[in-house]
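Using the hints, put the two chains back together into the complex; each one sits in its own frame.
Line by line, the protein sequences are chains A and B.
Under this note's numbering, the first residue of the first sequence is numbered 1, with each subsequent residue one higher.
Under this note's numbering, the first residue of the second sequence is numbered 1, with each subsequent residue one higher.
Zero decoy hints are in this set.
Partner residues are not named here, just some residues of chain A that face chain B (Cβ under 7 Å, in silico):
#, residue
1, L43
2, L102
3, G105
Here are the computed distance ranges between Cβ atoms for each label pair:
#, chain 1, residue 1, chain 2, residue 2, range
4, B, E66, A, F20, 38 to 44 Å
5, A, T15, B, N41, 20 to 26 Å
6, B, P112, A, F20, 41 to 47 Å
7, B, E66, A, Q95, 23 to 29 Å
8, A, M27, B, Y39, 18 to 24 Å
Listing some non-contacts, in silico: residues in chain B with all C-beta distances to chain A over 10 Å:
#, residue
9, E20
10, V29
11, I60
12, N68
13, H75
14, P79
15, D85
In short, the hints are calculated from the structure, not lab data.
The C-beta atom is built at its ideal place from N, Cα and C for all residues, glycine as well.
If you want the building blocks of each chain, they are given just below.
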Amino acid sequence: DVKVTQSSRYLVKRTGEKVFLECVQDMDHENMFWYRQDPGLGLRLIYFSYDVKMKEKGDIPEGYSVSREKKERFSLILESASTNQTSMYLCATRQGRKTGELFFGEGSRLTVL
Amino acid sequence: AQSVTQLDSQVPVFEEAPVELRCNYSSSVSVYLFWYVQYPNQGLQLLLKYLSGSTLVKGINGFEAEFNKSQTSFHLRKPSVHISDTAEYFCAVSDFGNQFYFGTGTSLTVIP
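In isolation and in its complexed conformation, chain B is listed as follows (with noise of 0.2 Å):
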């Protein structure tokens, strides 16, 4: 089984300030990665996926991350974050079986 791991369990930045999220997990066969965001009360929404190709991967609402599979690493970033991305945001691998193994998640607190 895979193992996933958020290192930060809380990140404060300032309003048009970079951000970046760290994701690390175990396996180094071959998987599938992603990351989550979820709003208060609410599910998880898709923010985005790598499968396989460039290891830069671009999702919604400016977020990119890069797969680095020597340091077996997928880590989010924005480079100018909003009140609006505050959130709790999950990272997540599939190592193509039927499973997720989810972290434990990153709360990001946009301060204005």
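Excised from the complex, chain A in its bound form (with noise of 0.2 Å):
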């Protein structure tokens, strides 16, 4: 089985201050995501790579950076957190282009206060 793991399931911080969220998959997979979930909005692309070293921007990428610099790692940053940025948000995997279904993790909610 695929295992996806977020390192942590609940955050709260502080207006300004910056927040990493660490996403680790064990199954060699190409491609990684981070998403944002919201009631009523459902699931928005921030970021996803496909390769070490590799990023593209998803539909919400303002106000987040990311980093992959091993395969099984990809981690989403807030340089500054703010409160429009309390939310759910989840890392996914996928083992390529083209191939099959995306794989999740048990997600991060965060509140900024």
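If you want it as structure tokens, here you go:
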């Protein structure tokens, strides 16, 4: 089974703090994704990566950055957290382009005060 | 880009009754289609997928879905729901690129 592990299930941060969300996968998948989930809006793609050190902007990249230094690890960074970034963040992986489904982590619920 | 429409944001249904959750997508080009389920405070789990072949797809937990190319639909069905089926359900489409497009979700509540 594919295992996608997100480092923190619940975080509470203050406005202006730097936030790191880490995602690690154990199945050697090429593609990794970060989504944000908000009620009534579904899942919105923040960034994705199809190879080490490669990244592509998704639909809502503003206020976020990412890092993929190793194939198994994909980090989402909020340089200066704001209250409108309070949300559920979901990491997902996919074996390769055009190859089937996404596998999701358990999610990280971030609250910014 | 694709758009995915889940017409029903909330669906209440009595236990052991049948249920259908509707999903329509925008493009008639070849696509992959998926249904995911999300239980409270968890990530998304794959229920079923259509990649090619038979248009009737069976998934886990007794769910099935039918791909209708002419109507660009992929509705999810279960003949008899259980309390444990209470969850959020998401339809998703991938158009052979590297992106997935998700609907806004349908909250299924099973009433005892």
